[in-house]
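*Asks:* Per the working numbering, the very first residue in the sequence shown carries number 980; after that it's consecutive.
Simulated from the structure, these hints should not be mistaken for laboratory data.
The structure displayed is predicted, hence computed values, not measured ones.
Ideal Cβ positions, reconstructed from N, Cα and C, are used throughout, including at glycine.
Mixed in with the good hints, there may be bad ones.
[As the list claims (entries may be wrong)] Below, a list of computed lysine-lysine pairs in the DSS-like style, where the Cα atoms sit at most 27 Å apart:
#1 K1295 with K1426
#2 K1228 with K1031
#3 K1121 with K1228
#4 K1031 with K1238
#5 K1461 with K1067
#6 K1067 with K1455
[Unchecked claim] Label-pair ranges, simulated between beta-carbon atoms:
#7 R1419 with K1455: 52 to 60 Å
#8 K1031 with L1444: 32 to 40 Å
#9 D1294 with H1491: 36 to 44 Å
#10 P1060 with M1008: 25 to 33 Å
#11 W1141 with F1053: 16 to 24 Å
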Amino acid sequence: MFFAIATNILVTAMLLTGGSAVISDLTGMHTVAACFLLPVGVVVYTLFGGIKATFLTDYAHTIAIIVIILTFAFTTYATDPILGSPNKVWELVTEAAARHPISGNAEGSYLTMNSRSGGIFFVINIVGNFGTVFLDNGYWNKAIASSPASALPGYILGGLAWFAVPWLISTTMGLACIALETNPAFPTYPERLTSAQVSAGLVLPNAAVAMMGKGGAVAALIMVFMAVTSASSAEFIAVSSIFSYDIYKGYINPNASGKRIIYTSHASVIVFAFIMSGFSTGLYYADISMGYLYEIMGIIISAAVFPSAMTLLTDKQNAQAAIWSPILGTGFAIMSWLVCTKKKFGSITVDNTFEDDAMLTGNVVALLSPLIFSPVLTYAFGPQNFDWEILKTIKRVDESEEIAEATEPALDDDEMQPVKSRLSVAAHEIYESKHEVAAREEEALLKRASTIAGYTCLFMAISLLVVWPMPMYGSKYVFSKKFFTGWVTVGIIWIFFSAFVVIIYPLWEGRHSLYTTSRGIYWDLTGQTYKLREWQEGHPEELHVVQSQVSAEIARDRNGRTVDEALFEAESEEKI
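With the hints as extra help, turn the sequences into a complete structure.
*Replies:* If you want it as structure tokens, here you go:
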């Protein structure tokens, strides 16, 4: 739980520090004001919409981000009077490398995969993102909220769609920034961007302004705002679920009703937003940038990756290993990071701890040390031999209050009471047996999905982490004009695939729900609410709030009868 909250804190801090720095750079707003104002809108729609709001805003904001990325790409490689083609970008970037060669890069070039700093960042990036994927409760919330049938293809397609975003935007705006730094239109001309400005995330907005003027500034501002608010919403929901269910219900009020948990969740969102605004302000005054937080993230959280994975994948790891391995791993990681800083750079300062070698050491120790601690502690204290059947005893939160409100006036209190009789007991047993069959079918589906996910993960990891980058790194290849043109072309094609996956395909996949919702809204607005009520009573399986508890208590058949009524009629017919 600590590492999950730490992940949410670090990710939110990165969003606020990076977003506020960009907004301040583009608009002149004070960074502290941006730190406090950015979360306001997020808190409002998160409180009213919950995880549904994050889904909807994710979709809407992603559309805007994809459109802006395409605008930047086509401006850079097709329409800009100074750049305007991949060939021209290649020429200007090559000239920039001749003026300012990069130490540790093949031939000092920007257009190569052979880079010492790039290789170190490659490792740090993998370690840190292991931590965010395994420990960020936002991923777990969305996975649990999804059906088993849609979660696997959703995450695979989402991963493939996501890859083009950082690839194309970094290639496009990073190289455009380098190519235009000698142009009078560049915001910091005649000076180049400093390392601190680069670490703060100011490459994209400066490149956008240099290419497109005020239009570029507006586009960059919208893009950053969309990304920050969408991601922040997921982090707020993640923290609220941890506090509400794991802390409040787990330790403070185990008998809390669903309504009480909702109130607690709302309060935690507001409190967390204020705390993170203050924390981000402190980071600003301490000169801690988004880049620094990104690289230190793995040191703080990634020691929990292996123990968390083993908690799900094996019944042998015991509680001592699960608890102490992350703690020991984080302690050793911080120690290694600071010792390396002191030995290599002479003193421990913010700048020295941000050096590549120090960050690399801490991140690697964080991820790999639990591979030693966890087995040792497991065998020292004995295997857990955890009984997975215990998980089936987890109870849902009592939603009776919300159901009563949601179904009123369609149902009165008497109708909401579970029916108790000899026949209802028998019916309940039949109902439970059907659920057991459904559970077995779902388990088979999940096992098949797990196999597919494993092979897909292995294939993608080998392809994207070994087959593609390693030969280019080892060969010290510097991009030619033709190769760079092909590189850009593939990136643009891939971003169109991303646009299809995240913009068009969800509309097609959700067409039935969109139609049903639109029809219900139309009926409600035109005074035909009775039709909506009739449809709701006839299709309880499509209503989450009804399906979650009412079906477990009164289990109506197609004609709206209770199970008792249906069985009584069946027995009467048999006697006749």
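*Asks:* For every hint, state whether the structure bears it out.
*Replies:* Hint check:
Restraint check: the Cα-Cα separation between K1295 and K1426 comes to about 20 Å, which is no more than 27 Å; the hinted pair holds. Of the pairs offered as hints, the one joining K1228 and K1031 holds, with about 22 Å between alpha carbons and a cut-off of 27 Å not exceeded. As the CA atoms of K1121 and K1228 are separated by approximately 21 Å, the hinted pair is consistent with the 27 Å bound. With a C-alpha separation of about 17 Å, the suggested pairing of K1031 with K1238 holds against the 27 Å cut-off.
For the hint linking K1461 to K1067, the alpha-carbon distance of about 12 Å falls within 27 Å, and the restraint holds. At roughly 23 Å between alpha-carbon atoms, K1067 and K1455 fall within 27 Å of each other, so this suggested pair holds. For R1419 and K1455, the hinted distance range of 52 to 60 Å is satisfied, since their beta carbons lie about 55 Å from each other. Taking the beta carbon of each, K1031 and L1444 are about 35 Å apart, inside 32 to 40 Å as hinted.
For D1294 paired with H1491, a C-beta distance near 40 Å keeps the hint of 36 to 44 Å intact. Remark: the range hint 25 to 33 Å for P1060 to M1008 is upheld by a beta-carbon distance near 31 Å. One distance hint, 16 to 24 Å for the beta-carbon pair W1141 and F1053, holds here, with the actual separation near 21 Å.
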